[in-house]
Amino acid sequence: MLFWFVLMVVAWDWVVGIHGAMLGVGEAKMEQFSYDAKMLNYFLMGAFKLAAFLLFLIPWLVLRFSRN
Numbered sequence: 001m002l003f004w005f006v007l008m009v010v011a012w013d014w015v016v017g018i019h020g021a022m023l024g025v026g027e028a029k030m031e032q033f034s035y036d037a038k039m040l041n042y043f044l045m046g047a048f049k050l051a052a053f054l055l056f057l058i059p060w061l062v063l064r065f066s067r068n
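Numbering-wise, the sequence shown is residues 1 to 68 according to the UniProt record's numbering.
Just so you know, these hints were derived from the structure itself, not from any lab. Mixed in with the good hints, there may be bad ones.
[Said to hold, decoys possible] Label pairs and their in silico Cβ distance ranges: (1) Leu61 with Trp12: 35 to 41 Å; (2) Ile18 with Phe65: 45 to 51 Å; (3) Lys49 with Ala28: 42 to 48 Å; (4) Gly46 with Gly17: 20 to 26 Å.
Positions of the beta carbon are idealized from the N, C-alpha and C atoms, including for glycine.
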């Protein structure tokens, strides 16, 4: 996740350029594509972090409160 974040901060234009070229996004729509891609990445980072948190929190809570 740290690599993902660093890539977004340091090489965002490069990443968007590659993905835009792969998806056939024209220069006229590149600014909107860049904004949408950034929002999608932040959403996915949050979802990934929430999933990891729940994946470790729920078993920990079960083990913590099931002790006799």
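Hints and how they fare:
1. In this structure the hint that Leu61 and Trp12 lie 35 to 41 Å apart at CB holds, the actual value being about 37 Å.
2. Take Ile18 and Phe65: their Cβ atoms lie about 48 Å apart, and the range 45 to 51 Å holds.
3. Between Lys49 and Ala28, the C-beta spacing of about 34 Å breaks the proposed range 42 to 48 Å.
4. Separation of Gly46 from Gly17 is about 25 Å and conforms to the stated range, judged on CB atoms against 20 to 26 Å.
The structure shown violates just one earlier hint, number 3.
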